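Visitor: Single-letter residue listing:
Protein chains: 2
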Amino acid sequence: MCQVPSFFVALSILASFIHQGSSYEYVTKNFTVPVDHFSFTTNATFEMRYLVNDSSWDADTGPIFFYTGNEGDIKLFAENTGFMWELAVEMRAKVVFAEHRYYGESLPFGKDSFSNEKNLGYLTAHQALEDYVDLITALRGDSRIPVIVFGGSYGGMLSAWFRMKYPHIVQGAIAASAPILEFEGMNKCNAFFRIVTSDFQSAADDCRYNIRNSWDAFNQIVKSADGLAWLSKAFQLCKPLAKAADVKDVKDFLSEVYVNLAMTDYPYATNFLMPLPANPILEVCEHLKAPNLKEKELLTQIFKAASVYLNYTGTTKCLDLEDADGPSLGGNGWGFQSCTEMVMPMCSNGVDDMFEPSPWDMNKYAADCKKTFAWVKPQPFLVPKRYGGLELARLSSNIIFSNGLRDPWTSGGVVESLTPSVVSIIIPEGAHHLDLRASNPADPNSVRNARILYKKHIRKWIREYRGTV
Amino acid sequence: MCQVPSFFVALSILASFIHQGSSYEYVTKNFTVPVDHFSFTTNATFEMRYLVNDSSWDADTGPIFFYTGNEGDIKLFAENTGFMWELAVEMRAKVVFAEHRYYGESLPFGKDSFSNEKNLGYLTAHQALEDYVDLITALRGDSRIPVIVFGGSYGGMLSAWFRMKYPHIVQGAIAASAPILEFEGMNKCNAFFRIVTSDFQSAADDCRYNIRNSWDAFNQIVKSADGLAWLSKAFQLCKPLAKAADVKDVKDFLSEVYVNLAMTDYPYATNFLMPLPANPILEVCEHLKAPNLKEKELLTQIFKAASVYLNYTGTTKCLDLEDADGPSLGGNGWGFQSCTEMVMPMCSNGVDDMFEPSPWDMNKYAADCKKTFAWVKPQPFLVPKRYGGLELARLSSNIIFSNGLRDPWTSGGVVESLTPSVVSIIIPEGAHHLDLRASNPADPNSVRNARILYKKHIRKWIREYRGTV
Chain Z
21 MCQVPSFFVA LSILASFIHQ GSSYEYVTKN FTVPVDHFSF TTNATFEMRY
71 LVNDSSWDAD TGPIFFYTGN EGDIKLFAEN TGFMWELAVE MRAKVVFAEH
121 RYYGESLPFG KDSFSNEKNL GYLTAHQALE DYVDLITALR GDSRIPVIVF
171 GGSYGGMLSA WFRMKYPHIV QGAIAASAPI LEFEGMNKCN AFFRIVTSDF
221 QSAADDCRYN IRNSWDAFNQ IVKSADGLAW LSKAFQLCKP LAKAADVKDV
271 KDFLSEVYVN LAMTDYPYAT NFLMPLPANP ILEVCEHLKA PNLKEKELLT
321 QIFKAASVYL NYTGTTKCLD LEDADGPSLG GNGWGFQSCT EMVMPMCSNG
371 VDDMFEPSPW DMNKYAADCK KTFAWVKPQP FLVPKRYGGL ELARLSSNII
421 FSNGLRDPWT SGGVVESLTP SVVSIIIPEG AHHLDLRASN PADPNSVRNA
471 RILYKKHIRK WIREYRGTV
Chain L
21 MCQVPSFFVA LSILASFIHQ GSSYEYVTKN FTVPVDHFSF TTNATFEMRY
71 LVNDSSWDAD TGPIFFYTGN EGDIKLFAEN TGFMWELAVE MRAKVVFAEH
121 RYYGESLPFG KDSFSNEKNL GYLTAHQALE DYVDLITALR GDSRIPVIVF
171 GGSYGGMLSA WFRMKYPHIV QGAIAASAPI LEFEGMNKCN AFFRIVTSDF
221 QSAADDCRYN IRNSWDAFNQ IVKSADGLAW LSKAFQLCKP LAKAADVKDV
271 KDFLSEVYVN LAMTDYPYAT NFLMPLPANP ILEVCEHLKA PNLKEKELLT
321 QIFKAASVYL NYTGTTKCLD LEDADGPSLG GNGWGFQSCT EMVMPMCSNG
371 VDDMFEPSPW DMNKYAADCK KTFAWVKPQP FLVPKRYGGL ELARLSSNII
421 FSNGLRDPWT SGGVVESLTP SVVSIIIPEG AHHLDLRASN PADPNSVRNA
471 RILYKKHIRK WIREYRGTV
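In order, the protein sequences belong to chains Z and L. The working numbering applies: residue 21 is where the first sequence begins, and numbers increase by one. The working numbering applies: residue 21 is where the second sequence begins, and numbers increase by one.
Be careful, since some hints might not be right.
Copies of the same chain look alike in the list, so a pair counts if it fits in one copy or across any two.
[Claimed, not checked] Straight-line Cα separation of at most 35 Å, DSBU-like style, residue types lysine-lysine; simulated pairs:
1. 138 / 49
2. 49 / 384
3. 337 / 476
4. 390 / 131
5. 316 / 243
6. 243 / 268
7. 405 / 476
8. 131 / 475
9. 390 / 138
10. 384 / 314
11. 337 / 405
12. 391 / 138
13. 253 / 314
14. 268 / 391
15. 476 / 384
16. 131 / 324
17. 268 / 480
18. 263 / 476
19. 263 / 391
20. 405 / 259
21. 390 / 268
Since the hints were made in silico from the structure, they are not lab data. Since the structure is predicted, the reported quantities are computational estimates derived from the model, not experimental observations.
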C-alpha cells in the first residue's frame with residue numbers, strides 16, 4: 021500500500037472541480053517575491069498570486085484574515101474555507117488568500133519550475149513562509165493592522181509555524197487539522213491508518229473486516245488468468261491487468277480511496293475531493309456490512325463501495341489506475357516536498373488497522389524518492405529541528421489547533437491544550453478541517469462551538485495587539 | 021567618515037594577535053553542515069570548525085555553554101570570552117565555541133569562498149544559526165542537555181535571535197552588547213556616534229572639541245603642498261599623501277580609531293583589538309585636553325593621541341592607511357554581510373557628536389556596496405522583518421541583553437527589560453561586552469553584579485527545562 025497518504029493526492033483530484041464557478045468574490049493579484057529568501061546567490065524573483073477581498077473591511081479597525089496557502093491552486097482553498105469569508109463580514113476584515121510557491125500559478129520558473137534541481141529546489145515551507153512575510157509587510161505598510169492567519173492541513177501547519185516563527189508579523193493562527201507532530205520521533209507511525217480504520221468500523225463493524233479480507237481476496241483471484249480477467253472487468257478497468265503483480269496498483273488505489281473517504285467524511289454532501297454524499301463512509305459501508313463475504317462476492321461489493329467515492333455522479337466510464345493521483349497541479353510539488361522535508365513516517369500492520377501490513381522503511385522511502393527526484397535525499401529530521409513540534413508550540417502563543425476525530429491526520433495533531441493561549445480543540449464528528457468550511461445546517465454542535473471559540477480568541481488577540489500600540 | 025563602523029574592522033585588526041598563545045584549553049573539531057539549509061538546489065556540505073572542552077563537564081547534570089561565533093576566527097572569541105570558561109567550571113558545563121561560516125577556517129568553498137556570488141551568497145546569519153542548530157542537535161543526541169548560548173556583539177545578536185527563533189533548541193541566551201535594534205526604522209541613526217563622543221567627553225571635556233576641530237584643521241593644512249608634506253611626515257605615513265583629497269583617508273582612519281577606542285575602553289590593559297592600556301580613552305585625551313589647540317599643534321596632538329591606540333607597543337614603523345581594515349580574515353565577510361542583510365543606518369551631524377557631518381544615505385551606501393559586491397543590493401528591511409526587533413524580543417523568553425554605557429553599540433541595544441524573562445542589564449562603566457570577558461580585579465561592581473545575575477538566570481533556565489522532562 022502507499023506509504024505516503026498525501027494531502028496532495030486529495031487535492032490533485034479536486035483540481036478538476038475548481039472551475040465550476042466560484043461562490044466567493046475576490047480580486048486576483050500578483051506580488052513579487054525573491055526566489056530565494058535565504059541566500060544572496062541569486063536576485064531572481066517571481067510573481068506569487070493572491071486573492072483579496074476588502075468589501076467588508078473597516079480599514080481603521082478591521083484585521084487582515086490571511087490564508088496561508090498550501091499545496092494547490094489557491095482558488096481551491098478560497099472555495100473551501102467558507103469560515104474565513106463568513107467571519108470577515110462579521111469582523112469587518114480584509115480577506116487574503118496567498119498561493120504557495122510552486123502551486124497553482126505561482127511558479128518561480130514558469131513552466132520550467134519542475135524541470136531540474138536548480139529550479140525546483142526552492143520549494144520549501146520556510147521559503148513559502150517568507151513569501152507570506154513579505155506580502156503581509158507590504159499589505160500592512162506602516163500601519164499596525166492585526167493579521168490572523170488561517171490554514172487547513174499542510175496550510176494549517178504553515179499557519180502554526182508562521183505564528184511560532186514570526187509572532188511579530190502575525191498575531192494569531194487558526195491551524196485546522198494541522199499534523200505538526202506527524203514527523204520522525206514525534207508519534208506512532210500506525211496512528212494514521214488506525215483512525216481511517218476506526219471511521220469504517222464506526223459505520224459498520226464488519227466493514228473494516230471486509231476491507232481487510234479483501235487484500236487477500238485480490239491476491240487469490242489474480243492467481244488464475246480467469247480471475248485476472250474477471251477482476252479487470254468487475255472493476256471496469258480502462259486497462260485490464262496484464263499480470264498478477266499488477267493487482268498491487270488496484271490495492272494501492274483503493275487504499276488511497278479509503279484514506280480520502282476518511283478525510284472527507286463530512287456530514288453533508290461536498291465537492292471537496294470528489295462529489296460525495298453526506299456521511300460517505302456510511303454509504304460505502306452499506307455495501308460492506310454483511311459478514312464473511314467470500315472472494316468474488318466480496319470484491320464485487322468492494323467495487324460498489326469504492327464507487328461511492330469514485331463515481332458518485334455515475335459518469336465515469338472506466339477506472340484509470342494510472343491516474344490514481346489525479347490530474348497534476350503543474351508538476352509534482354507535494355511529491356517533492358514529501359521527498360525532502362515533509363517526511364511523515366507511516367505504517368500499518370493489518371492487525372490494529374484494516375490495511376495490508378506495511379512497516380515504515382526509511383531506506384525504501386528514500387529509494388522511491390530517488391526514482392523521481394534523483395538528487396534529493398529525504399531529511400526526516402529537518403522539520404523536527406526547525407519547527408520543534410510540541411516543544412516550540414508550547415513556548416509559543418495565540419495558536420488554536422483543531423482536530424476532527426474522524427480525520428486521520430489527527431494522528432499528528434496537537435490534541436491537548438498546551439497553554440492558555442496555545443489551545444487544542446477536538447471536534448468529535450469532524451473530518452479533515454471541517455471547521456474551516458462554510459457553516460452548514462448539518463454541522464454538528466462541536467464544530468459550531470469551535471467556531472464561536474475561534475471568534476473569541478481572535479477578538480482577544482486583536483485587542484491585545486491593539487493594546488500594545 | 022566611514023558610514024559603517026563595523027564589528028569586522030575591529031576584529032580584523034585583532035587577527036594578528038591571536039597566535040600569541042591560548043589561555044584556555046580546548047579540542048578543535050570539525051562538523052559537517054549543508055552549505056544551504058533552506059533550499060534543495062545543492063547537496064554541497066562543508067566542515068565548520070568548533071572548539072570544545074568538557075574537562076569540567078558533568079554529563080548527568082551539566083549544561084552545554086555554546087558560543088554563537090561571529091565574524092572572526094573562533095579562537096579569538098574563545099580567548100576573549102573568559103566568563104564562559106569561569107562559569108563552566110562552577111556549573112560543570114561543557115564549553116563549545118562554534119565558528120561562523122565564512123570566517124576563520126569554516127570556509128564553505130575553501131579558498132574560493134569569496135570569489136563569486138554563487139559561493140559567497142550563503143553567508144547569512146540565518147544559515148549560520150541553522151549550522152548551530154545542527155551542531156547542537158548532534159552534540160545533544162537523544163538526551164535533554166540544556167544548552168545556553170552566549171555571544172557578544174554580532175555574536176550576541178545571533179544568541180538572541182537563536183533563542184527567539186529556536187527556543188526548542190536553546191534554553192536561554194546571554195546576548196552581550198547585541199545591537200539588535202541598530203536597523204532601519206528601529207532607532208536614531210546618530211545614536212552610535214553620540215556615544216563615542218560622550219566617551220571622549222567624559223575623559224576630558226575639551227577632548228571632543230579638539231577632535232571635532234581637527235577635521236577642519238586637516239582640510240586647511242592640506243591646501244598647500246607644504247602642509248601636505250608636513251602632515252605626511254607628522255603622521256609617519258608609509259605612503260605620503262599625494263593630493264589634498266587623500267586627506268579623507270586619514271580622517272576615515274582616525275574615525276575608526278575613535279570608534280574602536282570607545283568599544284575597547286576597558287578598565288584594565290587588554291589585547292582585544294590592539295594592545296591597549298587600561299582606560300585608553302583617558303590616555304588618549306591626556307594629549308587632547310588643552311583647550312583651543314590650533315592647526316599644526318592640534319594635529320600633532322591628534323597623532324600622539326591616536327598612537328595610544330595605533331602604536332602602544334612603540335613597534336610600528338609607519339602608518340599604512342591602506343591597511344585601515346587590518347589584515348583580512350580570509351575575504352571580506354563582514355563587508356558582505358553589511359552590504360546584504362546587516363545594514364545598520366548610521367549618521368553624524370558634527371553638532372551632537374565630534375565627527376564630520378555625514379547623513380545616512382541609503383543610495384550612496386548601496387552604490388558603495390556595488391563597487392565590491394556587484395550583484396548585491398542591500399536589504400535594509402530583511403533583519404527587521406525576519407528578527408522583529410523589540411516586538412519579537414518581547415514575545416520571547418530567557419534572554420539577557422547587556423549593554424555597557426561606554427559602548428557605542430548600546431545605540432542599538434535593548435536597554436529596558438521587556439518581560440520578567442527578557443531582561444536588560446546596564447553596565448554603566450562597561451565598554452563592548454566587558455561582561456563576557458574574564459573576571460579582573462579592575463572590573464567595576466556593575467559588571468560583577470551583572471555576572472551574578474546571569475548565573476541566577478541560567479540556573480533558573482536549566483531548572484525549568486529539566487522540570488519539563
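Visitor: Checking an output row: residue 268 and residue 480, CA cutoff 35 Å. Within, between, both or neither?
Guide: neither (52 Å within a copy, 57 Å between copies)
Visitor: Indicate which option fits the pair residue 138, residue 49 if close means a Cα-Cα distance not exceeding 35 Å: within, between, both or neither.
Guide: both (27 Å within a copy, 32 Å between copies)
Visitor: Quick one: residue 268 to residue 391, C-alpha cut-off 35 Å, is that within a copy, between copies, both, or neither?
Guide: For residue 268 and residue 391, only the intra-copy Cα distance (18 Å) is at most 35 Å; the inter-copy one is 62 Å.
Visitor: Is it within, between, both, or neither for residue 476 and residue 384, if the alpha carbons may be no more than 35 Å apart?
Guide: neither (46 Å within a copy, 50 Å between copies)
Visitor: Measure nothing new, just compare the shortest in-copy and cross-copy C-alpha distances for residue 405 and residue 476 to 35 Å and report within, between, both or neither.
Guide: both (32 Å within a copy, 28 Å between copies)
Visitor: Using 35 Å as the alpha carbon limit, work out where residue 131 and residue 324 are close: within a copy, between copies, both or neither.
Guide: Result: close neither inside a copy nor across copies, 39 Å intra and 67 Å inter.
Visitor: From the Cα coordinates, with 35 Å as the cut-off, is the pair residue 263 and residue 476 best called within, between, both, or neither?
Guide: Answer is neither: 59 Å inside a copy and 72 Å across each miss the 35 Å cutoff.
Visitor: How would you classify residue 243 and residue 268 at a CA-CA limit of 35 Å: within, between, both, or neither?
Guide: Only inside one copy: residue 243 and residue 268 sit 13 Å apart there, 90 Å across copies, limit 35 Å.
Visitor: Given identical chains, is residue 263 near residue 391, meaning Cα to Cα at most 35 Å, within a copy, between copies, both, or neither?
Guide: Within. Shortest intra-copy distance 23 Å satisfies the 35 Å Cα cut-off; inter-copy 67 Å does not.
Visitor: Have a look at residue 391 and residue 138 and pick one of within, between, both or neither, based on CA distance no larger than 35 Å.
Guide: both (18 Å within a copy, 28 Å between copies)
Visitor: With identical chains, the pair residue 405 and residue 259 could be close in the same copy or across copies; at 35 Å between alpha carbons, which is it: within, between, both, or neither?
Guide: neither (45 Å within a copy, 54 Å between copies)
Visitor: Should residue 337 paired with residue 405 be assigned to within, between, both, or neither, using CA atoms and 35 Å as the limit?
Guide: neither (48 Å within a copy, 53 Å between copies)
The earlier numbered hints that this structure contradicts are 3, 8, 11, 15, 16, 17, 18 and 20.
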